Every structure is written in structure tokens, then in C-alpha cells.
Amino acid sequence: MIFRAIKFVAEAHEGHFRKGTNIPYILHLMNVMKILCENNCETEVIVAGILHDVVEDTPITIEVVERKFGKRVAEVVQGASEPEKSVKNSQWEASWRQRKQHTINYLSTTDSIDKLLVSAADKLDNARAILQDYSELGDTFWERFNAGKEEQKWYYQSLAEVFLQRGKEMGGPLNKIAEQLKETVNGIFK
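Heads up: the sequence shown runs through residues 2 to 191, numbered per my numbering.
Think of the hints as simulated: they come from the structure by calculation, not from any bench.
Here are the simulated DSS-like cross-link-like pairs (lysine-lysine), alpha carbons at most 27 angstroms apart as the crow flies: (1) 35 <-> 101; (2) 191 <-> 169; (3) 101 <-> 169; (4) 101 <-> 183; (5) 150 <-> 183; (6) 154 <-> 20; (7) 8 <-> 72; (8) 20 <-> 8; (9) 35 <-> 154; (10) 20 <-> 150; (11) 150 <-> 177.
Distance windows between CB atoms, simulated: (12) 67 <-> 187: 32 to 42 angstroms; (13) 96 <-> 145: 12 to 22 angstroms; (14) 11 <-> 172: 29 to 39 angstroms; (15) 180 <-> 133: 17 to 27 angstroms; (16) 180 <-> 60: 31 to 41 angstroms; (17) 184 <-> 145: 20 to 30 angstroms; (18) 155 <-> 68: 31 to 41 angstroms; (19) 169 <-> 68: 35 to 45 angstroms; (20) 5 <-> 140: 39 to 49 angstroms; (21) 65 <-> 28: 22 to 32 angstroms; (22) 169 <-> 22: 32 to 42 angstroms; (23) 19 <-> 139: 13 to 23 angstroms; (24) 144 <-> 96: 12 to 22 angstroms.
It should be emphasised that the depicted structure is a prediction, and the values quoted were computed from it without experimental measurement. C-beta: ideal position from N, C-alpha, C; glycine also.
Generate the whole structure from the sequences, applying the supplied hints.
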């Protein structure tokens, strides 16, 4: 199932690059997969990690994900997607801050360890990429984003705190990923 998911997202994300770079987007998905594999997550969680952006960033629907990879994977992918993007033709619109606050609130209350693991691995890889690029480019790096450094700082510090709390509650690999996220966020915004 993992290799089918890799092939599926390679085609779905063909031509996509990381924001402001020439790095194929699939590298992010493979990094999320690697984090989940290194933490001995179940196959369905790893597959959901590989697929976590396919509904948000491509024409693929959650129904297609469920048909090809099963209900558990689809539920985790939907949980990792912003509401206006997980339901095609959705009328839900919000500002950047409202969308990010929704994510924080959702992660604070979901009882799904699968969704938390995929989201934590996603945010950890994003934070690692930010740390690397910011170290190289300095403050001009923040021009890539819809929200500037202070907004990003609020978001990533909030995420780190939520994942640390949820990691303490649930233990295991979530706690380990949360600790790595906190350390990386501290490195970005020292």
C-alpha cells in the first residue's frame, strides 16, 4: 500500500514544487513518510502521511482516496486538510489566521492518534525546511508566505505547544515527534 501511495502522489503532485523553491513537492511527502516510518507507525498512518496534501492541493477528492486506500486512510487525510480544501466547492472561507487557529483548535481536541501523528510529522518537516531556508536566506525568506515572521512564529509555537501537550497525554511516537518539533521551532525563532 505504501508504494501504491507513493506512485499515486507522484502523479497527483506532478509539476508541484515547495513554495519559493525548485524542490519537487513530493520530497515533503517522502519526508513525512520517513518521520512516520522512523517512529514505527502503522502502514495506514504512513500512507495517510504520504497522501496528506493530495485533497488539499490537487483535484483528487476524499472519495477517491477512500476508494483507493480505505476508510481509515481517508479519515486521517481529511483530518489533515483545511476545511475549505477537503470538501470541493466548499463555501467555508477564512483568513490565514482563522484557518490556522482552526487547525490549532482541531489538534487540541481530536481524539485520533493517527491524525495527530500525521499532522505532527507534517509540521515537523515544514519546520525543518523553514529552519534550513531561513538560516540561508535570512529575513527575506518570510516574503514567500502569506503571513510574515511574527504570524508564523505564533502559529508554529502554538503548534509545538499543542503537540507537546497531546504527546504527554498519548505518549509514544507522538511525544518524540512533538519534542523534535519544539526543538526545531525554537531554532527558527530563537
